[in-house]
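J.: Each chain, letter by letter, is given below.
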Amino acid sequence: EAGVTQFPSHSVIEKGQTVTLRCDPISGHDNLYWYRRVMGKEIKFLLHFVKESKQDESGMPNNRFLAERTGGTYSTLKVQPAELEDSGVYFCASSRGQGHAGYTFGSGTRLTVV
Amino acid sequence: KQEVTQIPAALSVPEGENLVLNCSFTDSAIYNLQWFRQDPGKGLTSLLLIQSSQREQTSGRLNASLDKSSGRSTLYIAASQPGDSATYLCAVKYGYGQNFVFGPGTRLSVLP
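Those protein sequences? They're chains A and B, same order as listed.
In terms of the working numbering, the first sequence opens at residue 1 and continues consecutively.
In terms of the working numbering, the second sequence opens at residue 1 and continues consecutively.
Heads up, a few of these hints could be off.
Claimed, not checked - One-sided and incomplete, this derived list gives chain B residues near chain A with beta-carbon spacing under 8 Å:
#1 Gln-34
#2 Pro-40
#3 Lys-42
#4 Gly-43
#5 Leu-44
#6 Ser-59
#7 Tyr-76
#8 Tyr-94
#9 Asn-99
#10 Phe-102
#11 Gly-103
#12 Pro-104
Derived by calculation from the structure, the hints in this document are not laboratory data.
Just so you know, even glycine gets a beta-carbon here, dropped at the ideal spot from N, CA and C.
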């Protein structure tokens, strides 16, 4: 089966601009997660979709971040306007269930805000 | 607060050595624990997943153990190879439907 796909792999934008990251989960995986790793810190949870619904968005840092998952397939994470501290690697993961199944991660999007 | 720590932060060993990476977690009431590896500039590759009811999992040269009472998991790598060089991450899930809490990782270098 195809893995979790993320694009772009890299993005460099100026402070104040908007960036949209995309994640295509493994087909049939209802659960989709966004995580990020900012420089020097651990990977942190952002939010969790079950199909098209937001199950948990407690990790979203502020209202400049907007995640959507229309139709329960791919998901987008928009940062608007981007700030310098948003720089980092944004990972997407998917899983079939919420219980005993592990996650499959994508390769991540490296976002640099200058 | 649920936290995951990993020791050591970095490790350098000669090829062929057996090694142990450590993961500690607060709150012994975990649901499951997953070990990942991350190569530079790449995503996370799942290595082993241990459920709370299990003591260990094995895959090839890798063996992961879980001791909930002491809040620890270890990843044992046998006969290390240069290709094992990567950052190894431990992630803990504390309940059904909850997200994973990640440790900071151990950066492993296996020297030829």
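J.: Decide, hint by hint, whether the structure agrees.
T.: The hints, checked one at a time:
Restraint check, B/Gln-34 versus chain A: the minimum CB separation of about 5 Å is within 8 Å; hint holds. The criterion of a C-beta within 8 Å of any C-beta in chain A is not met by B/Pro-40, whose closest approach is roughly 11 Å, and the hint is violated. The restraint placing B/Lys-42 at the interface with chain A holds, with a minimum CB-CB distance near 6 Å, inside the 8 Å limit. Because the beta carbon of B/Gly-43 sits about 4 Å from the nearest beta carbon in chain A, less than 8 Å, this interface hint is met.
The interface hint given for B/Leu-44 holds, since its Cβ lies 4 Å from the closest Cβ of chain A, which is under the 8 Å cut-off. Given hint, B/Ser-59 at the interface with chain A, is violated; its Cβ is 12 Å from that chain's nearest Cβ, farther than 8 Å. Because the beta carbon of B/Tyr-76 sits about 19 Å from the nearest beta carbon in chain A, more than 8 Å, this interface hint is broken. Look at B/Tyr-94: its Cβ only gets to about 12 Å from chain A, farther than 8 Å, so that hint breaks.
Restraint check, B/Asn-99 versus chain A: the minimum CB separation of about 4 Å is within 8 Å; hint holds. Of the supplied interface hints, the one on B/Phe-102 holds, with its beta-carbon coming within about 4 Å of a beta-carbon of chain A, less than 8 Å. Contact between B/Gly-103 and chain A, as hinted, is supported at the beta carbon level, the nearest pair being about 7 Å apart and thus within 8 Å. Interface hint status for B/Pro-104: upheld, as the beta-carbon distance to the closest one in chain A is roughly 5 Å, under 8 Å.
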